[in-house]
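Colleague: Following the hints, put chain B in place on chain A, whose structure we already have.
Protein chains: 2
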Amino acid sequence: MNTLLLRHIAIDTYKENVAYLHRNCKLYRSEGFQALSKIEVTERQSGRSIIALLNIVDDDDITAPDELGLSEQAFAQLGAPERIPVSVAHAPVADSLRQVHRKIAGESLALADYRAIARDIAANRYSKIEIAAFLVACSELGLERDEVLYLTRAMIETGRRLDWGEPLVVDKHCIGGVPGNRTSMLIVPIVAAHGMLIPKTSSRAITSPAGTADTMEVLAEVELSPDKLHEIVRSQRACLGWGGTAALAPVDDILISVERPLLMDSPGQMVASILAKKVAAGATHLVIDIPIGPTAKVRDRHRALALRKLFEFVSDQLGLVLEVVFSDGRQPVGRGIGPSLEARDVLQVLENDPRAPVDLREKALQLAGRIIEFDPDVRGGGGYAIARDILDSGRALAKMEAIIDAQGRRTGPNHLGRLRHDVAAARGGAVTAIDNLQLAHIARLAGAPMDKGAGVDLHHKLGDTVQAGEPLYSIHAEFNADFQFARESAERDCGFTVS
Amino acid sequence: MNTLLLRHIAIDTYKENVAYLHRNCKLYRSEGFQALSKIEVTERQSGRSIIALLNIVDDDDITAPDELGLSEQAFAQLGAPERIPVSVAHAPVADSLRQVHRKIAGESLALADYRAIARDIAANRYSKIEIAAFLVACSELGLERDEVLYLTRAMIETGRRLDWGEPLVVDKHCIGGVPGNRTSMLIVPIVAAHGMLIPKTSSRAITSPAGTADTMEVLAEVELSPDKLHEIVRSQRACLGWGGTAALAPVDDILISVERPLLMDSPGQMVASILAKKVAAGATHLVIDIPIGPTAKVRDRHRALALRKLFEFVSDQLGLVLEVVFSDGRQPVGRGIGPSLEARDVLQVLENDPRAPVDLREKALQLAGRIIEFDPDVRGGGGYAIARDILDSGRALAKMEAIIDAQGRRTGPNHLGRLRHDVAAARGGAVTAIDNLQLAHIARLAGAPMDKGAGVDLHHKLGDTVQAGEPLYSIHAEFNADFQFARESAERDCGFTVS
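In the order they appear, the protein sequences are chains A and B. First residue of the first sequence? That's 0 in numbering that gives the first Met the number 0, and the numbers climb one at a time after it. First residue of the second sequence? That's 0 in numbering that gives the first Met the number 0, and the numbers climb one at a time after it.
This is chain A alone, in the form it adopts within the complex (with noise of 0.2 Å):
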């Protein structure tokens, strides 16, 4: 009776599935959809089912009266080929926002109603909306630890779990927040070739100017099947890809689709994120990276001990081991900032260059020598001796060479963007300031992480004395009108404090 035929409409629509109903559609009215309802398309035979929101359309040639087209993503969801039969229903509302309203009205919930609302997100049950209605009730005044650890069992359960069969699998993750801190680049290669499993896989920028993925690419293929990574891993006790992880801990990925659009980024919502995801993809001993700085994410060493005691709270109670590490977020890492120029500065410090930043890679060694202290042949206190000896040796690099051969090794031309303008000291003093915020914004307008030569290439670091007039750092660009952008924007706010 209310059967259409299905249809794939090559739109993609991301992470909210769509479908799509004709205005003429029998089953429109009579059913009294809307433009923006949640419905719930059943494949008859199977009897699978996914929600979706409904668009109506007035155009035959995108979907016809007969028909129920789907976008890609819920396309592939439903998994039935074009043409099958198909019943819409109004989607039923998620039983779990009933707990959502009672975090709304301010009460705590139990293991069971993260489970429950977990599960709802993870099939799909929850629109964007409700999803936002989710994340601003748990948001900064709202969550206690035991709901923390709750929300990121919660997580852990409703997706995939790696086990890489082994008793030592380490991980790193940086909380963000510090443009061109790309020590995984170094620690990958240090901790693969003193012989321990880092399976890390990496993620591109969204706010940044790059993330690890964007800079490997610079140097390597990231993009590679989970197949793919799981063999390189297997190789070489390590890799540098992108993804693979979409099973792994589904619903931090859907928190996330709507938390970055939101800006939000609470205490609660990043620790049950990192250690869901971490726990999932299998790691056993994780170091966690906390820079501080008045730009940073953690503006202060108050802020930035509550946040490591709700890291140790909620891994302790998932038996995952954790050491937090502050560092200083005073001012960017390394000197270049995109894809390329973190790229350089990663090359420089592999290769012992004299030039190489030091900054990035001291924080390196530290970061590095923390994880193989969780080696239990090595002494407390040894590791950074170790990551050290491996770096100067050359077997880091050698490794990182192995890594990148194993990826694909890209050797197209790696230049910097064309257009160069010097920003200037307007006059001369001590640096006393670098603001992250502002030079990663200029680095974004210069076109990174998209155009991987553009970005900003610091000249001066805190405490350096400058000349006026003496370049404090270049900006790169591959195209005029995003050269002129990032100009206009240094023009206005340079980024630098000289006093």
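It is worth saying that the hints were derived from the structure and are not from the lab. In this text the structure is predicted, and so the values were computed from the model without any measurement. C-beta atoms are modelled at their ideal positions from N, C-alpha and C, and glycine is treated no differently. A couple of the hints might just be wrong.
[To be verified] Here are a few chain A residues that face chain B, going by a calculated C-beta distance under 10 Å: (1) Y13; (2) Y19; (3) V257; (4) G393.
Modeller: For chain B alone, kept in the frame of chain A given last:
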């Protein structure tokens, strides 16, 4: 440089503007757009721009690589012809989101903050998820009394405001939640017959089995242009049409489009929403009906009092004369639940039919009496008798007939659903409770409000004594599937308590 040709995409995305860009469009990767990004589309010539959510298209027939498609509402909002050059850019983050984040963090906001938020929402600068974040931040625990006033003012200021040029423009509003509560269709003709101006616009049902507009539509046309509505109000001193309010407090419509699917209904939002709409519509005197009952929106007198005080505080500050009336919300009003059944009840009352439901008549007279007492020439306490005289004398019926003729009489068949099932009492005794929510649910399952003749017809009310097997109510439906769903739901829970 980044110019595309505008194309109208015949997809209705309701209050969410959607833009379509081909994956091979040169701007797609170079700008770093992603599906679900918020983009700003600007018509090059006029500089006019709109904000839209981005969908990525993989089908040239929907959107070609040199085109920028806009969904129906987005296209109308930009107001430019097809093939005109447009540019696209990342949408700027609305400035007032900073205020929303302060609200999320638990701060109180000032009038200027609410003004900034309302302006950005009215200009479509908020995505659905940003609106959801704002609503949750403002919910139950979040809005102080002053903030409700600020939000109301800001919503009024960001839309049109009607001025009827008369000192006394009356209106009534029920906060809802009680089925069958069609008092407006009695109050409007009574009050207008007394000579008062009552330019009431009504809404269609969203979650209930019938709105006033759905019920009025059984008798007359309700979808009238704003001009036509105004003409009717001028000639009849009243109307019972639908819509024409989109330009009045438009922020309210946008907030409601997110509140409804979230099932949110916080007191602060409710008061701001109702009062902003009424003040913008030009009302000077308003009666608010708050039904109280265990299955009504307001459960007890304590909550009703808190809500009344909030209504009074805000309306006093706005210079709106307001009376709040508490009514009996323990059961549905009248007998019918569903458009045709409720229209029958209304006509029986207007026609002084001896079968007319007494509770509907009495409630309408009470409320109409309170409104009539806004007339300075009417003695306090004298309104009810005037209302009763107008009804008993047939003047209310005559006014209703005139309104129906002015809007356009519908003469089609007004039958009840052809399928009927009587739900019988499982045992004898007195009816001690009737569940508004369950009866509304059964009526909706039966097909109301889409099928005018579908719904529930009550044969007994609270306090009645029934025999085992005696019908409590009849279910009417037009279609078999609906009929079965409604019967099954009534079998699981008939909604009546007999003891």
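Colleague: Which numbered conditions among the earlier hints are violated in the structure presented, ordered from lowest to highest?
Modeller: 4
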